[in-house]
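Chains as they are written, first to last, in this note's numbering: chain A, 135 to 620; chain B, 250 to 366; chain C, 14 to 502.
Among these hints, one or two may not hold up.
[What the hints assert, rightly or not] Quick list of in silico lysine to aspartate or glutamate cross-link-like pairs, EDC-like style, CA-CA up to 20 Å:
(1) 280/B with 412/A
(2) 533/A with 548/A
(3) 337/B with 412/A
(4) 108/C with 335/B
(5) 601/A with 589/A
(6) 328/B with 589/A
(7) 158/A with 285/B
(8) 280/B with 365/C
(9) 301/A with 150/A
(10) 84/C with 33/C
[What the hints assert, rightly or not] Restraint ranges, calculated between C-beta atoms of paired labels, are given here:
(11) 499/C with 292/B: 41 to 49 Å
(12) 256/C with 481/A: 40 to 48 Å
(13) 351/C with 369/A: 29 to 37 Å
(14) 401/C with 292/B: 40 to 48 Å
[Unchecked claim] A short list of chain C residues far from chain B (calculated; beta carbon distances all over 10 Å):
(15) 74
(16) 154
(17) 297
(18) 312
(19) 342
(20) 359
(21) 397
(22) 427
(23) 474
(24) 492
Bear in mind the hints are in silico, worked out from the structure with no lab data behind them. Please read these numbers as outputs of a predicted model, since none were measured by experiment. For each residue, glycine too, the CB sits at the ideal point set by N, CA and C.
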Amino acid sequence: MKKLPYELWEPVVGLEIHVQLNTKSKLFSSAPNRFGDEPNTNISVVCTGQPGALPVLNKEAVKKAVQFGLAVKANVALFSKFDRKSYFYPDSPRNFQITQFERPIVTGGSVTTFVEGELKTFQINRAHLEDDAGMLKHFTNFAGVDYNRAGAPLIEIVSEPCIHSPKEASAYASAIRAIMLYLNASDGNMEEGSLRIDANISVRPKGSTELRPRVEIKNMNSFSFLEMAVESEMKRQVALYLDNPHRTPEELIPPGTYRWDIETKSALFMRAKENSDDYRYFPEPDLAPIVLSQEYVDDIRNTLPELPHDRYNRYVSDLNLSPYSAALLIQEKELCDYFEAAMKHSLNPRQLCNWITIEFTGRLKERGQTLISHKIPPLHVAKLVHMIDNNVITGRIAKQVADDMVASPELDPETIIQQNPDYRPLSEIAEIEPIVDQILAANPQSIADYKAGREKALAFLVGQVMKLTRGKASPAVVNELILKKI
Amino acid sequence: MTYLALDVILTGYLWMIMSKFNEKTLENLKKLCRIDCTPEEDKDILHSLGRVLEYVELLKEVDTTGVASCNYVLQSMLKNLMREDEIKDLLPREQFLSNAPDQIGGMIRVPPVIKGS
Amino acid sequence: MTNLHHLSAVELNKAFVQGDVTALQIAEYFLKRIENHNQQLGAFLSILGPRMILKAERLDLKRSQNKPLGKLAGVPVAIKDNMHIAGEITSCASKFLKNYRAPFDATAIRLLEQEDALITGKTNLDEFAMGSSNENSAYFNAHNPWDLECTPGGSSGGSAAAVAARLSLIGTGSDTGGSIRQPAGFCGIVGYKPTYGRVSRYGLVAFASSLDQIGPFATTVADVALTMEVIGRHCPHDSTSLDLPAESYSLNTTLADVKIGVPYRFLENLKPEARANFENNLHVLKSLGAKILNIDLDILKYSIAVYYILATAEASTNLARFDGIRYGIREKEAKTLDEIYEFSRKEGFGREVKKRIMLGTYVLSAGFQDAFYKKAQKVRTLVIDAFEAAFAECDAIAMPVAPSGAFPLQSINDPLEMYLQDIFTIPANLAGLPAISVPSGFDSRQMPLGLQLVGPQLCDVPLIQYAHAFEQATQFTRKIPPLFKGSAS
């Protein structure tokens with residue numbers, strides 16, 4: 135296959151992210167806002183579109199939308215309103231969605247995050263509230279409609295077309311997700327559909343500022359799919375342009391909507407834009423506008439929880455974590471909060487961070503668990519790190535203790551160490567000396583080699599001592615003793 | 250020409266290009282609102298709608314320059330009416346399904362649909 | 014116990030409370046009347062006999078236990094069949110919903126039953142409340158009790174006929190462009206459309222959300238006031254419901270110091286009979302102390318155009334939910350999803366409903382929305398402004414309720430001519446104003462005529478006071494249609 139000069143082109147991507155807010159009840163219906171229950175058990179007359187039912191706005195959803203707007207330093211509209219968006223589909227209880235088309239609650243704003251080590255800022259165009267559709271479940275000879283999700287509160291966040299690579303796309307989306315988690319506005323659970331991404335993708339020669347026709351890929355629910363989609367769509371479009379130099383962009387890229395298919399890991403054509411519905415937006419007459427006071431907005435601003443980027447800055451400047459570690463830690467709020475809890479009992483943030491994000495997370499991943507799901511108390515991890523710092527145990531022993539903690543999550547590391555004599559450190563010279571003497575006596579050639587200048591021989595001798603002490607001796611102490619003796 | 254007259258003239262121009270409500274318009278309309286009709290109904294509807302659309306052209310003589318859209322008929326509506334985030338007034342599934350034309354496994358049954366279309 | 018149907022609701026309630034008659038007797042009496050007369054009148058689509066008897070028995074028990082009784086205790090009330098009574102069918106006079114059982118009570122119905130009203134049944138209407146003559150019902154016509162060949166008006170024709178024929182003493186209707194007031198005028202009874210938002214729309218099957226209001230029919234203004242005290246309350250299930258305390262309606266018999274505005278130029282094309290009656294009405298108002306003055310409401314000549322754009326636009330989306338998926342009929346022949354939509358809506362909706370949905374879809378569609386929908390919204394603002402300016406000079410506005418008395422069934426076939434019936438009633442809906450129709454005399458055919466009074470937004474109480482004064486001075490409301498005057502045999 136011919137290799138095309140993709141590097142001379144750049145993708146122009148705008149993302150529309152739909153985030154389900156974690157309110158107790160739905161946006162306009164007081165039915166439960168919950169995932170995973172039996173079909174049609176979380177419904178009311180409003181979210182099943184019964185005649186005579188009327189929407190009533192959930193104030194908590196408004197609050198979360200305002201929190202989001204303030205978190206991305208956007209403009210929060212003191213006056214915004216709802217509109218009806220008409221289209222026929224079985225998952226729509228009324229065959230119109232209530233959304234905010236003309237006057238959204240949030241406009242502007244930006245998100246700053248790391249993209250492969252480099253700090254970048256992405257502009258947001260707007261964010262608004264709207265209600266979700268139900269779910270259509272597909273079977274061979276029929277489809278079933280479940281309205282549990284119908285009416286769930288969504289905030290749709292629309293970026294400017296300022297994203298120019300697959301990594302930028304996933305970094306931006308990930309940063310939006312982190313903000314929603316830190317605000318406690320959503321559980322951000324992408325497998326359950328709490329966060330869905332639609333991408334609008336076009337390409338252009340690098341350096342140009344034109345905007346060529348674009349294609350929409352809908353409903354991606356993982357960051358890796360998003361990256362794949364951007365990558366493959368970009369290549370497809372570039373190939374079309376390069377193979378057909380005399381055709382216009384409008385001819386080559388007709389507007390269309392694709393659906394991301396999980397099985398084939400590719401974008402499947404859904405419909406051409408020409409055939410798409412005329413949505414006939416007009417103001418929703420059943421709802422009052424959202425009228426907010428400056429006081430209300432200021433109050434929310436003053437009570438915003440700590441946001442991901444603020445926490446990142448605090449970790450780097452106050453806790454002296456490396457930018458890489460800090461960026462890694464803030465991505466998963468649950469884990470980051472765990473770190474915060476453990477920090478209350480620790481004086482070594484760097485080590486703590488390492489043990490949480492790498493050592494323990496690595497071990498638990500094999501079991502499909504996290505520190506939180508596996509219920510290892512933060513205090514225990516803090517204690518482990520503390521013991522390493524105070525030379526109560528060696529780093530090597532600590533790894534074994536960690537294994538034991540994972541096997542028995544309720545056990546305190548201090549208890550584990552007490553119960554297992556093998557874990558107690560051997561630092562007493564008196565205990566180590568005889569073993570050193572034993573090894574030295576058994577390996578005269580190594581001593582001679584070391585004296586002849588081979589450093590490796592020393593390491594060998596230290597290793598032999600470590601083996602006999604089953605790792606309990608402090609390598610530094612063993613080293614010192616051997617050197618003294620030879 | 251004053252700005253006042255501009256609005257009237259502009260709307261008048263739009264009316265001119267649109268006043269042709271014909272069979273094709275009707276066919277598109279039927280697709281948009283998902284209603285099928287008999288040929289007899291088509292004829293009657295075409296005639297009636299034509300009459301009404303011709304009548305409402307009356308509005309183009311009204312000068313609405315600078316006039317705001319009436320989105321809320323009562324000024325007193327221009328304030329919030331929101332509810333607490335509480336779960337209540339659930340519709341029991343059996344009651345919901347008792348009015349359903351076709352159901353299966355607790356869901357409303359419909360013919361198979363091409364995914365995402 | 015003779016002729017209970019000659020009593021007003023207030024009088025019957027008093028008789029019941031005093032023990033002169035039991036609730037069971039009342040229920041049996043009115044159910045008998047309905048049984049005897051509904052065939053010829055076509056007022057009721059469903060009669061809730063067993064339910065009414067049960068409620069009556071419970072009410073009698075309540076009274077015998079000296080428990081406090083509701084304001085409407087013992088009063089038979091008919092409900093327009095586009096309002097929900099939980100567990101009962103709400104058909105909206107449409108084939109689409111012929112088997113649909115309401116999953117909840119409309120707030121207005123719940124409030125009525127809370128005050129011990131006895132519901133007789135669900136009344137006939139134009140399908141989905143779209144019409145001015147009740148001829149668009151998918152089931153059968155309703156007839157005017159004064160002349161069975163004539164329409165009772167629409168869309169709340171059934172409730173108006175039921176109350177005028179004294180088959181119930183109170184009826185509920187819904188008014189989007191005059192659907193309470195015009196039938197009240199045609200049937201010689203009182204009909205009231207409250208300020209928009211005064212009565213909850215929760216449980217009313219929506220036609221045009223920004224125009225619909227539920228309101229009472231009754232044989233006297235006092236009965237209307239009583240009903241408004243019961244149903245005119247804030248409802249947390251309806252975001253357009255006025256967040257104001259319930260009003261108490263006191264009644265006046267004088268109009269001293271009241272200024273009544275008349276839009277003479279707007280009324281200049283009134284036919285001679287209607288004009289003569291209207292002038293008489295103005296004399297009565299003057300004799301009660303009112304001052305009549307001219308006001309400018311020329312903009313109202315555009316009301317019908319504005320209404321048929323906005324109401325149909327809203328209706329086209331409100332009726333989109335009737336798609337054969339979750340409830341209502343689903344065409345058996347339909348094999349694909351598109352067929353379910355298209356065939357069910359084809360079979361389920363009547364001609365007028367289809368026309369209005371299509372018109373509404375058209376005026377909202379891409380390329381046309383600016384010229385139609387948005388333009389109409391702006392003219393609506395002008396209508397509201399014109400009323401506001403008029404009310405700076407007067408306390409209420411007087412107009413006929415309709416261009417004439419009730420017309421014979423099937424006599425109007427031109428859609429536009431039918432729409433023009435609502436010329437005097439539509440403006441109050443556009444501006445969200447309270448408006449009442451009071452019987453004002455008879456035409457040369459001995460058919461009733463009605464006087465309409467329109468008040469400023471939120472001024473429901475004074476408006477009803479003025480209507481009461483006019484009613485007391487003219488006594489047209491106590492007249493019962495000859496065919497229905499006698500007692501049930």
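Outcome of the hint check:
1. 280/B with 412/A: Holds, because 11 Å separates the two Cα atoms, which is no more than 20 Å.
2. 533/A with 548/A: With Cα atoms ~14 Å apart, residue 533/A and residue 548/A stay inside 20 Å; holds.
3. 337/B with 412/A: Violated, because 35 Å separates the two Cα atoms, which is more than 20 Å.
4. 108/C with 335/B: Violated, at roughly 37 Å.
5. 601/A with 589/A: 19 Å, holds
6. 328/B with 589/A: With a Cα-Cα distance of about 81 Å, the restraint between residue 328/B and residue 589/A is violated, given a limit of 20 Å.
7. 158/A with 285/B: Distance ~41 Å between residue 158/A and residue 285/B Cα, so the pair is violated.
8. 280/B with 365/C: 18 Å, holds
9. 301/A with 150/A: 16 Å, holds
10. 84/C with 33/C: Holds. Residue 84/C to residue 33/C sits at ~17 Å (cutoff 20 Å).
11. 499/C with 292/B: 41 to 49 Å: 47 Å, holds
12. 256/C with 481/A: 40 to 48 Å: With a Cβ separation near 57 Å, residue 256/C and residue 481/A fall outside 40 to 48 Å, so the hint is violated.
13. 351/C with 369/A: 29 to 37 Å: 36 Å, holds
14. 401/C with 292/B: 40 to 48 Å: 44 Å, holds
15. 74: 29 Å, holds
16. 154: 19 Å, holds
17. 297: It holds; residue 297/C is separated from chain B by about 31 Å at its closest Cβ, greater than 10 Å.
18. 312: 8 Å, violated
19. 342: Given that some Cβ of chain B is not farther than 10 Å from that of residue 342/C, nearest at about 7 Å, it is violated.
20. 359: Violated, because the least Cβ-Cβ distance between residue 359/C and chain B comes to about 4 Å, which does not exceed 10 Å.
21. 397: The claim breaks: residue 397/C does not keep its Cβ more than 10 Å from every Cβ of chain B (closest is about 6 Å).
22. 427: 8 Å, violated
23. 474: Its Cβ never comes within 10 Å of chain B, the nearest being 16 Å, so this holds.
24. 492: 36 Å, holds
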